[in-house]
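> The listed protein sequences correspond, in order, to chains D and G. Going by my numbering, the first residue of the first sequence is number 1, and it counts up by one from there. Going by my numbering, the first residue of the second sequence is number 1, and it counts up by one from there.
It is worth saying that the hints were derived from the structure and are not from the lab. None of the hints are false.
What the simulated footprint calls covered on chain G by chain D, stretch by stretch (three residues with Cβ under 8 Å from a Cβ of chain D suffice, anywhere in the stretch; the number is not a length): (1) 270 to 283; (2) 335 to 344; (3) 399 to 405; (4) 413 to 420.
Pairwise CB distance ranges, derived in the manner of DEER restraints: (5) D:Asp-101 / G:Lys-446: 57 to 67 Å; (6) D:Lys-385 / G:Lys-446: 20 to 30 Å; (7) D:His-99 / G:Val-184: 24 to 34 Å; (8) G:Trp-130 / D:Glu-111: 47 to 57 Å; (9) D:Tyr-285 / G:Asn-194: 38 to 48 Å; (10) D:Val-372 / G:Ser-82: 28 to 38 Å.
Just so it is clear, the structure is predicted and the values come from calculations on it, not from any experiment. Heads up, the beta-carbon is just placed ideally off N, CA and C, and yes, glycines get one too.
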Amino acid sequence: MQINPGCDTSIPHPPACDMKNIVYAKAEGPTDTIHYIFSTIGYPSVLTVLAPDTSGKVIIDWNKLLNDTTDWARTVNFTFEPVYSYGMIFRRLYEYNDHNDKADMSAYSPEQNDTWKIHDLKDMKWQPADKFIDQRHHVVTLQSMPQEWMCKNHTEVYPCKSNQTGTISFVWSLFGNNGRSSVLPHLEYNSNITHMDLVIDNIKPEYSKSRFAMEMFLMSSDKKSHTQSKDTKSIDDEYSPGVFKMTDWSTNMGDRPFGGFIQWKPVCYYKSARGRENASKVRKYGFVPKDAAAMKKDFSLQYSVPYAFFGARLHTLSMNATNVSFGLPKDKFYSKTSYTAWTASVGYGNPPVDKVSDVITIVIATGLGIPVILIIVGAIYLFIKKRLAKNKVMKDITESYSQIQ
Amino acid sequence: MDKEETKPLLGGDDEEELTGCGATLPCDPRRWLHRFLVLIIMCFLSFGSYFCYDNPAAMQDTMESVLHLSTSQFMMFYALYSWPNVILCFFGGFLIDRVFGIRLGAIIFAAFVTVGQVIFALGAYINSYWTMNMGRFVFGLGGESLAVAQNTYAVSWFKGRELNMVFGLQLSFSRIGSTVNMNVMQPLYNSVQNIIPGYQGLGVTLFLATITCGYSMCCALAMAYYDRRAARILKRDGGKTGEVIQLKDVKDFPASLWVICIICVAYYVTVFPFIGLGLVFFEMKFDMDPSEANLVNSLVYVISAGASPVFGFLIDRTGKNIFWVLTGVTFTLGCHAILAFTFVNPFFPMITMGLAYSVLASALWPMVALIIPEYQLGTAYGLMQSIQNLGLAIVAQVAGSIVDAKGYLLLEVFNLAWLCVALIATVLLYLMDASKGGKLNLAAWKRKALAAAEPEKKPL
Numbered sequence: 001m002q003i004n005p006g007c008d009t010s011i012p013h014p015p016a017c018d019m020k021n022i023v024y025a026k027a028e029g030p031t032d033t034i035h036y037i038f039s040t041i042g043y044p045s046v047l048t049v050l051a052p053d054t055s056g057k058v059i060i061d062w063n064k065l066l067n068d069t070t071d072w073a074r075t076v077n078f079t080f081e082p083v084y085s086y087g088m089i090f091r092r093l094y095e096y097n098d099h100n101d102k103a104d105m106s107a108y109s110p111e112q113n114d115t116w117k118i119h120d121l122k123d124m125k126w127q128p129a130d131k132f133i134d135q136r137h138h139v140v141t142l143q144s145m146p147q148e149w150m151c152k153n154h155t156e157v158y159p160c161k162s163n164q165t166g167t168i169s170f171v172w173s174l175f176g177n178n179g180r181s182s183v184l185p186h187l188e189y190n191s192n193i194t195h196m197d198l199v200i201d202n203i204k205p206e207y208s209k210s211r212f213a214m215e216m217f218l219m220s221s222d223k224k225s226h227t228q229s230k231d232t233k234s235i236d237d238e239y240s241p242g243v244f245k246m247t248d249w250s251t252n253m254g255d256r257p258f259g260g261f262i263q264w265k266p267v268c269y270y271k272s273a274r275g276r277e278n279a280s281k282v283r284k285y286g287f288v289p290k291d292a293a294a295m296k297k298d299f300s301l302q303y304s305v306p307y308a309f310f311g312a313r314l315h316t317l318s319m320n321a322t323n324v325s326f327g328l329p330k331d332k333f334y335s336k337t338s339y340t341a342w343t344a345s346v347g348y349g350n351p352p353v354d355k356v357s358d359v360i361t362i363v364i365a366t367g368l369g370i371p372v373i374l375i376i377v378g379a380i381y382l383f384i385k386k387r388l389a390k391n392k393v394m395k396d397i398t399e400s401y402s403q404i405q
Numbered sequence: 001m002d003k004e005e006t007k008p009l010l011g012g013d014d015e016e017e018l019t020g021c022g023a024t025l026p027c028d029p030r031r032w033l034h035r036f037l038v039l040i041i042m043c044f045l046s047f048g049s050y051f052c053y054d055n056p057a058a059m060q061d062t063m064e065s066v067l068h069l070s071t072s073q074f075m076m077f078y079a080l081y082s083w084p085n086v087i088l089c090f091f092g093g094f095l096i097d098r099v100f101g102i103r104l105g106a107i108i109f110a111a112f113v114t115v116g117q118v119i120f121a122l123g124a125y126i127n128s129y130w131t132m133n134m135g136r137f138v139f140g141l142g143g144e145s146l147a148v149a150q151n152t153y154a155v156s157w158f159k160g161r162e163l164n165m166v167f168g169l170q171l172s173f174s175r176i177g178s179t180v181n182m183n184v185m186q187p188l189y190n191s192v193q194n195i196i197p198g199y200q201g202l203g204v205t206l207f208l209a210t211i212t213c214g215y216s217m218c219c220a221l222a223m224a225y226y227d228r229r230a231a232r233i234l235k236r237d238g239g240k241t242g243e244v245i246q247l248k249d250v251k252d253f254p255a256s257l258w259v260i261c262i263i264c265v266a267y268y269v270t271v272f273p274f275i276g277l278g279l280v281f282f283e284m285k286f287d288m289d290p291s292e293a294n295l296v297n298s299l300v301y302v303i304s305a306g307a308s309p310v311f312g313f314l315i316d317r318t319g320k321n322i323f324w325v326l327t328g329v330t331f332t333l334g335c336h337a338i339l340a341f342t343f344v345n346p347f348f349p350m351i352t353m354g355l356a357y358s359v360l361a362s363a364l365w366p367m368v369a370l371i372i373p374e375y376q377l378g379t380a381y382g383l384m385q386s387i388q389n390l391g392l393a394i395v396a397q398v399a400g401s402i403v404d405a406k407g408y409l410l411l412e413v414f415n416l417a418w419l420c421v422a423l424i425a426t427v428l429l430y431l432m433d434a435s436k437g438g439k440l441n442l443a444a445w446k447r448k449a450l451a452a453a454e455p456e457k458k459p460l
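In isolation and in its complexed conformation, chain G is listed as follows (with noise of 0.2 Å):
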């Protein structure tokens, strides 16, 4: 029979067909296998850059001798990539939308934080402190973006499937890189030490480091390669609108939006400047030797590792994202009322603290793709992204003086207070969302029925 008389009358005479391995199951967009596999891809785009982020705290010591640095000449490595990025992933994320586009602009920030580790090991190896924030200056102008662009892919490739588990996924591979990063560096710069001494040591470490990035920058081509092809394939481009985003859309994002920004911000400040301060807490309120209180302040992050995907999988099953923020956002308030005013054995609130940013961080971030177009969504996770980092950057300052001032008590009080607004805004949400239709809140049965149900709107 004629290929032409076998091409199916309405319809689909578009499909494209795939041919040789392209056909097989790994490869072939519209199955899940391939997904997943380009998944894999997806979370170490920026594993790289959580893994070099952390490069200076897990050789703090080291650099402060070696380099000669003070303290607080070693919190500008820190402060040089949180403050720049207040703004800058915001702008970041419209790149992405209006100019760039996500392939081109995944790109560009895995250059970005590629050259700028190697400009940061290159002053290692050069003993220059001004190279070495110069360095961190640019592997900041792509860090904080290229999350942004990994939230945008993942949304594109997962939108109304296992979006919540892909962002869970996505944070377990962020705390897996920060925990390889404590436990290989230091080894490995005693072992480049035997070799190569001093800070010429130090700056091939970091070199080595980069290799980190290299590997991510392969993963935003291979993305950007994949995404191609399935939009092809897929005929995503199809869909589209053909709007592109104004910067003066920004304030017509729907309340909603900012609502979440700031359970967002109001959650996240309880949490990791709580840690940054936590070693110290641990060891004098409760009688913990200091290995015994690294271990407990670890447990959010460990826990989250291991927790995020399972319960952004549970998420997808049940949907109601809201109910499952309202629920992180009340056990961690009880964590900190329990570390505040209680001695009991820290273990357990940390360990539940744990588990409450896992669900809260698995809930929150896939609610954006439910309310923003897709056209928008680059910037809407970068202003997302940008409120969240001033919150930390400025809190952790405000926790770091509450401390030294008045103790932990009053800093607990204060996180408690911020929780408090958190629930707040997570109940405004909830009414917000009702009053619309509660799109955000829907079982997730509900959202598959009403999916299914919207193709056949469409005129034939």
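Next up, chain D with everything else stripped away, as it sits in the complex (with noise of 0.2 Å):
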């Protein structure tokens, strides 16, 4: 597949737009598009869409979008009919003090008191996306803006007496061709995958042990509720040193052979210089199906470009939901850097998988290779050695015993 990606910001026509995000991009290939929304609008989500061929282009009701709060359904719509397509939304940054320094958050009960934070992630405001955005890279970053933070006593009001100034930013990156990231934790990507990098900047966390983790949903066109995670184990862990796993959470297609996935290596960091000496762990927590009932009764998640995609179907999708936590214990929380840098890849089709390369094989057939030959010749000629010697002093014998005769 060549493809050529390219990123428009759509940001048309009136100024209040500047301050909703919705960056859109087309990557193309010989046959099929696929169509990548990366947005903050209401909830930080990514839409990638599925064309049949390479005409196709977005529409957007930005009338609807803008002025009406209450349905923004439909209002995100194409000029062909998606063969396939799935989403993720990011709904809450939860915050918990970790009392028993577990990086568990399994652990505390929603109910337990001081112990809990929750960060809407709808009631943040972004910056522009064209402050941050890298054209010649393909390179977009959605980034939240300080001091609109959330206020303790939650109110409409802006902008807020809350002295925050941190940031949570998630940066996407499209590739054109098939690779490895140069950052750790060197995941891979080819022209089906979009990297996401979720960065919590410098928050000022409200208890002394703080820690953080991130609600999110995964949902797609599938009928059927496929969807599993995988979680591989490696001996190998030449491309993000001290991490031996991958986690896989994807939605089977019923009919079809793959389709949206999410990937990421149990790893974050909390320096922004990323190496093994400030890596931390990312823990995982099972993922809830929610189903269309539950979904029905949850008016959330209305707020977001999916369901402005989506419309009312948003509840009939296979909808799948999961926390990621980030954090080791005895690592001093999140304060003691103020920093947490997660990376995770969001594609379509298979997941990819590390292989051993072909540096390490040769390295390991060399390395150990060579001596084991050196052993198994040195005993062998030593073998050889005894054997000639005794057949010497057999030799000999027979000989003076045939010279006495």
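Given two chains presented individually in distinct reference frames, assemble the corresponding complex, making use of the accompanying hints.
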């Protein structure tokens, strides 16, 4: 597949639009196209739509999207009938007080006092997308605005009197070929994958032992719910030193071999200069399938671009939710560096599988093979030498014996 | 009867008569009990040095926060010990052989250790980073050379007898010293903090640690006394040829010694740097929580503390040192392979590694005594330790870089390659030794028989 991705920031007409972010990109192949929408309207989200040909484009009903705050259904449309679509919504950033320093948020019940602070991501204000966009490398950063952080008493009045200076960012990268990221944990990419970096930077922690977790929803246009989560363990950590696992969370279509997925290594970094010495763990929790009835009761997800696209169909989609939390016991919590960065791959198809690289195989073969060969050759040489010596002794004895006779 | 008439006719008239408590079993150097009581003193000789060597590690977080140090500044405390000792312990050994002699040498190096630790503590008390560095440097001048002195003492008192067990026991004491330090220093500091807070409290805590060095100093003095006495009674100096080592003798050291040094360095670089980096490996690959990972990581030290004397005793009984070295290397090879290529619970390979390390340490070091004459022994041990320190210092850096760049799998492959080098060197040693009569790999009973036969060869 030859891909030429293009990234247009569709921020047309009214000026109020520059406070909303819809980033639209098209990855074109020879026979089909993947349309991406990265957004922070309502909840931060990504929507991926597979088109059967190369001619389609998106049509956004900006009027309704900007002015109607109650129902965004079908404000995002495409000029074609999507073959397959999937999306992710990031709903809440959980902050929890890790009393017993186990980096496991399931140890605390939701009603526990002095433990939870929930940051609802739709209440955040975001920087305009064109502030941090890199067209050449197809990277866009959607960053929250520091001073518009949620207040303790949630009000609609802005600006808030909180002295919060931190930001949370979603960095989306698109690729036109196959390769491996140059940044730890060196996840693989191809033209069907976008890389997401989640950065929680300089947020003032609520508690002395604060840790963070992200709640996310993965939904797809599969009718049946075949979402599965798979962990692979490997002895090889050459691409991400110290990390031996990979987690894949994919929606398998009922009648197609692959669907959408999110893939990550259970590692996050607490310094922006990523390295093994500032790596920490990412813990995943069970994922909860959301059925239609539960979705109908929960209106919150309607504030998102996937809802804008799917509309009422959202409730019939295959949808699952899970949380991932960041941190390792005894790592001095988020406040040690006030920075956490996590990378994941969101894509379509089969999640890439890490294989032992040729370099490592060659090194192992020579590094161990040569000594083993030396040892075997040496052993054979010794054995032959001993045999010959023994034969010589026997020969000498029989010779001297025959001389006597 | 007259004392003159009871004297035996041939020889023996120089035997010293021991009187009073000197004649009792524990004080008679000819008898085993005295040797073992002196062994206890000998083992404590470097206890202070091992205890204080790891003071920084036991209190890393405290030191970094109270003295406002970065991790690399902290690591300087160790670098100042290791790098100078790459050459210093060779010269320390040479000085023992050539200039000071073992008794004075041990006292001098114990003094360096004590003074160094005092300066280190003083530096903490006045919050001067550079004074602390100087203290560590002086401490290092004595520390490794004191270990060389201890080895030389061991050979002098136990050669041909329980030498393997003694080396094992000395290894035990070094581990115990380190472990006691890890468990005692931080609580000690916490108590001192209630009375004297801040870096002054840290200084006071380190001064208290100096007590162990002072105790080692006393042991050095005691060893000097007992050694001189035993030499007089046993007439050890009578057997000496009066030869003195020259610096150029080093190039005439038998090739077997160099091969032993290669085995030593190739083996040790796969154990200590790995333990230094092992914590994250066990946490991430085997999903252990930090306390469990810590336990597994310390298994090698804990097990060697207990197993070394036992294996040493066993090796004394059976002899065949090279065979034991081969066993140790092979088992460690297997352990690293299991850790690298499988997900087997790391308890098993680490326990095995601890046992293999005990076997190897107890069998390897005494071999030097079998091929080097006594007047060159200090230098030989100094040389071996120098090479070991050089290898450890370099490989520690290299191992860290490998892990940061390409991960733990490659590090383990690196370790396996070094162990293969050690294996080949061991086989080489066996061949070299076999061609020269097989002194190093004798069974114990054969060795004793040869030693008993020797005095009969002396002319009457």
